[in-house]
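Novice: Here the protein sequences line up with chains A and B, keeping their order.
Position one of the first sequence corresponds to residue 0 (numbering that gives the first Met the number 0), numbered consecutively onward.
Position one of the second sequence corresponds to residue 0 (numbering that gives the first Met the number 0), numbered consecutively onward.
None of these hints come from the bench; they were simulated from the model.
Since this is a predicted model, take the numbers as computed values, not measurements.
Cβ coordinates follow ideal geometry from the N, Cα and C atoms, glycine included.
Warning: the hint list may mix true and false statements.
Claimed, not checked - In silico DSSO-like pairs for lysine-lysine, Cα to Cα no more than 30 Å straight-line:
hint, chain 1, residue 1, chain 2, residue 2
1, A, K59, B, K168
2, B, K125, A, K59
3, B, K168, A, K36
4, A, K56, B, K49
Unchecked claim - Have a look at the derived ranges for each label pair, beta carbon to beta carbon:
hint, chain 1, residue 1, chain 2, residue 2, range
5, A, S69, B, F145, 28 to 38 Å
6, B, D85, A, R63, 50 to 60 Å
7, A, L64, B, D60, 23 to 33 Å
8, B, A96, A, K36, 42 to 52 Å
9, A, P22, B, N24, 50 to 60 Å
10, B, N41, A, A34, 39 to 49 Å
11, A, R70, B, S106, 25 to 35 Å
12, B, N24, A, D48, 42 to 52 Å
13, A, Q24, B, N41, 24 to 34 Å
14, A, E21, B, D42, 31 to 41 Å
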Amino acid sequence: MRRIVSLFALLIVAIVQYGCQEPSQAVQYEDGRYAGKPDTPNWAGAAFDGNRETWEKEIKRRNRLQSEYSRPGGA
Amino acid sequence: MARMKFLCDAERCIECNGCVTACKNEHEVPWGINRRRVVTINDGQVGAEKSMSVACMHCSDAPCMAVCPVDCFYKTEDGVVLHDKDLCIGCGYCFYACPFGAPQFPSSNASSPDGRSTDWFGARGKMDKCTFCAGGPEENGSEAEFEKYGRNRLAEGKLPVCAEMCSTKALLGGDGDILADIYRERVTVRGKGSEVWGWGTAYGKPGQQSDAGTSSKKTEQSS
């Protein structure tokens, strides 16, 4: 009988110890990865024959057109 | 490599809503969705009224990308934030995370013509937003790309239609460094508006230290 009581007491102590432990509250950050379909770059299309330099030049040219100071006859 | 950004000059915007109309027309955006809209503050107050055209700002550290549970967002090599509609589940997390209200939903309560409440999970439909006229993850210039994401002007060597057609050139779109140069020149000529900072204005051109950077270094050295 004494043995059962001591075993039971040990079990209670183990349960209490397990219940009182402090698990880590820090959230594990999972770095999200794009899970969709791959996209082709804008320069890779038929309009520029896959020539990246030409595409970049054209985009830069149009970028600068947005400034009226640099246009011919600009303010 | 270009780092695509929008910059809206509140000193120039005249609230014509031309950018909104051009966007809807170019991409045949469905009823109820506005990828771009014009926000006006101090409406009607003489001298204090300011308008600004707002859409997806293609954030460098985009919160929509961070919260998406199905990871349907990606960033192109030019810094344009796009998403895969085939993967989107319409949960609306991106809408709550976005500080600009850019993500739009075709069946949300706000866009429903008859006002039916459909703002619950799974009933909003696939998210739609400004693509910087760069389409999406379909073949460039294909019909599927147009139907899902609208026209891919970048692949045609053009800039977003909203910026290119802006009559007062209040809305600028393109490489952040070039936009900062254009804006800096404007501010110098007209003598005001420097409180609005673009990329290059804030951080300087590549290989050139900005004023903000040098002043913070000086503070560090003195402390």
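Novice: Now tell me if each hint is right for this structure.
Specialist: Hint check results:
1. As the CA atoms of A/K59 and B/K168 are separated by approximately 17 Å, the hinted pair is consistent with the 30 Å bound.
2. The straight-line distance between the Cα atoms of B/K125 and A/K59 is roughly 33 Å, outside the 30 Å bound, and the hint therefore fails.
3. Only pairs whose Cα atoms come within 30 Å are accepted, and B/K168 paired with A/K36 is rejected, the gap being roughly 35 Å.
4. Between A/K56 and B/K49 the CA atoms are separated by roughly 35 Å; this puts the pair beyond 30 Å, and the hint is violated.
5. Range check, A/S69 to B/F145: about 33 Å between beta-carbon atoms, so the 28 to 38 Å window is met.
6. Hint check: B/D85 to A/R63, Cβ distance near 37 Å, so the stated range 50 to 60 Å is violated.
7. Hint check: A/L64 to B/D60, Cβ distance near 30 Å, so the stated range 23 to 33 Å holds.
8. Distance hint for B/A96 and A/K36: a CB-CB separation of about 23 Å, inconsistent with the stated range 42 to 52 Å.
9. Distance hint check: the CB atoms of A/P22 and B/N24 are about 56 Å apart, consistent with the given range 50 to 60 Å.
10. Between B/N41 and A/A34 the beta carbon distance is about 44 Å. The supplied range of 39 to 49 Å therefore holds.
11. In this structure the supplied range 25 to 35 Å is violated for A/R70 paired with B/S106, their Cβ-Cβ distance being about 44 Å.
12. One distance hint, 42 to 52 Å for the beta-carbon pair B/N24 and A/D48, is violated here, with the actual separation near 29 Å.
13. Roughly 45 Å separates the CB atoms of A/Q24 and B/N41, a value that falls outside the hinted 24 to 34 Å.
14. Taken as a hint, the range 31 to 41 Å is violated for the pair A/E21 and B/D42, whose Cβ atoms sit roughly 55 Å apart.
Checked against the numbered hints above, the structure violates hints 2, 3, 4, 6, 8, 11, 12, 13, 14; every other hint is satisfied.
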